[in-house]
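Could you build the full structure based on these sequences and the hints that come with them?
In the numbering used here, the protein residues as written are 2 to 122.
In case anyone wonders, no lab produced these hints; they're calculated from the structure.
Warning: the hint list may mix true and false statements.
Beta-carbon label-pair distances, calculated as ranges [to be verified]: (1) Gln-9 <-> Thr-44: 47 to 55 Å; (2) Ile-47 <-> Val-70: 15 to 23 Å; (3) Ile-47 <-> Gly-14: 44 to 52 Å; (4) Ile-40 <-> Glu-92: 36 to 44 Å; (5) Ser-32 <-> Leu-63: 18 to 26 Å; (6) Gln-68 <-> Ala-27: 17 to 25 Å; (7) Leu-57 <-> Pro-12: 43 to 51 Å.
Where is the CB? At the ideal position from N, CA and C, for every residue including glycine.
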Amino acid sequence: MSLMITSQPLPFGHRLGIFILAEISAVSALSVISLLLYIAYSTLNIREGATRRWKLESAVHLFLLNQLVCDLIQAVGGLMNMKWVVDGVNEQSTLFGLRADVSTDTPRASTKDRLSNARSY
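This is how it looks when you write it as structure tokens:
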């Protein structure tokens with residue numbers, strides 16, 4: 002049994018809101034990428050005796066690195082919203098299921114269910 006969901010055009014206000022959220026995600030992604038690049042630079046190029054050298058000796062450093070990577074993954078999930086702004090319709094596709102895997106503000110179902118539902122449209 003396949004469930005058919007029709008595409009509905011997004012109102013301008015919804016498109017504008019999604020666009021603003023995607024722009025904020027882009028700023029977040031750029032900020033995190035710049036911080037991760039600085040950490041990589043600090044780890045590889047700053048001399049041994051420097052006071053500002055990045056070290057992975059404490060749990061705080063690992064926690065910060067983990068938080069930055071997770072924020073980058075969530076920002077990529079927010080950037081995926083741009084497809085709906087560009088298309089101007091609200092439709093479920095494989096991108097919808099993939100976005101649910103990387104973003105926290107989408108209802109979750111199992112990946113197998115989402116992919117099988119996306120193929121049935």
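Hints and how they fare:
1. The beta-carbon spacing between Gln-9 and Thr-44, approximately 49 Å, falls within the hinted interval of 47 to 55 Å.
2. At about 21 Å, the beta-carbon gap between Ile-47 and Val-70 stays in the expected band of 15 to 23 Å.
3. Between Ile-47 and Gly-14, the C-beta spacing of about 48 Å keeps the proposed range 44 to 52 Å intact.
4. Ile-40 and Glu-92 have their C-beta atoms about 39 Å apart, which keeps the hinted 36 to 44 Å range intact.
5. A C-beta distance of roughly 20 Å is found between Ser-32 and Leu-63, which places it inside the suggested range of 18 to 26 Å.
6. The beta-carbon spacing between Gln-68 and Ala-27, approximately 19 Å, falls within the hinted interval of 17 to 25 Å.
7. Range check, Leu-57 to Pro-12: about 48 Å between beta-carbon atoms, so the 43 to 51 Å window is met.
In this structure, none of the earlier numbered hints is contradicted; all agree with it.
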